[in-house]
Amino acid sequence: PFGLVFGAAFGTMLFISGRRFSVGTNRVLLTALGLTSCLYAILDIKSDVLDRPHLESDAAMLAELTGIPAMAWG
Numbered sequence: 006p007f008g009l010v011f012g013a014a015f016g017t018m019l020f021i022s023g024r025r026f027s028v029g030t031n032r033v034l035l036t037a038l039g040l041t042s043c044l045y046a047i048l049d050i051k052s053d054v055l056d057r058p059h060l061e062s063d064a065a066m067l068a069e070l071t072g073i074p075a076m077a078w079g
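Residue numbers (this note's numbering): 6 to 79.
Wrong hints could be hidden among the right ones.
[Said to hold, decoys possible] Heads up, simulated SDA-like pairs for lysine to any residue below, C-alpha to C-alpha not over 20 angstroms straight-line:
1. Lys51 <-> Ala64
2. Lys51 <-> Val28
3. Lys51 <-> Gly39
4. Lys51 <-> Ser62
5. Lys51 <-> Asp63
6. Lys51 <-> Ala13
7. Lys51 <-> Glu61
8. Lys51 <-> Leu35
9. Lys51 <-> Leu40
Just so you know, these hints were derived from the structure itself, not from any lab.
Note that the coordinates shown come from a computational prediction; the quantities given were computed from them, not determined experimentally.
Given only the sequences and the hints, what does the whole structure look like? Please build it.
Next comes the structure, spelled out in structure tokens:
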């Protein structure tokens, strides 16, 4: 429920921002959103590879469940 509510609220805010704010303001907002997403991906990879190397990857778990090789899952 939280993800659905947050996603709908955030999407609505982005839509309103696009309609009401200037191009420069929207550029800053979208650049900040994109930069945050990129930086989080780096932290997530670090967490998966360096901080918790003993845990099985999502791809390996999906391979066990489906029989499709982990390389196909990425």
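Taking the hints in turn, this is what the structure says about them:
Simply put, Lys51 and Ala64 have alpha-carbon atoms about 16 angstroms apart, close enough for the 20 angstroms limit, and the pair holds. With a CA separation close to 35 angstroms, the supplied pair Lys51 and Val28 exceeds the 20 angstroms bound. With a C-alpha separation of about 19 angstroms, the suggested pairing of Lys51 with Gly39 holds against the 20 angstroms cut-off. With a CA separation close to 13 angstroms, the supplied pair Lys51 and Ser62 stays within the 20 angstroms bound.
A threshold of 20 angstroms between alpha carbons decides the hint, and for Lys51 with Asp63 the separation of about 15 angstroms falls inside it, so the pair holds. The suggested pairing of Lys51 with Ala13 is violated, with an alpha-carbon distance near 30 angstroms, which exceeds 20 angstroms. The straight-line distance between the Cα atoms of Lys51 and Glu61 is roughly 15 angstroms, inside the 20 angstroms bound, and the hint therefore holds. With a C-alpha separation of about 25 angstroms, the suggested pair Lys51 and Leu35 falls outside the 20 angstroms cut-off, and the hint is violated.
Note on Lys51 and Leu40: the hinted pairing holds, with a Cα-Cα distance of about 17 angstroms set against a maximum of 20 angstroms.
Checked against the numbered hints above, the structure breaks hints 2, 6, 8 and satisfies the rest.
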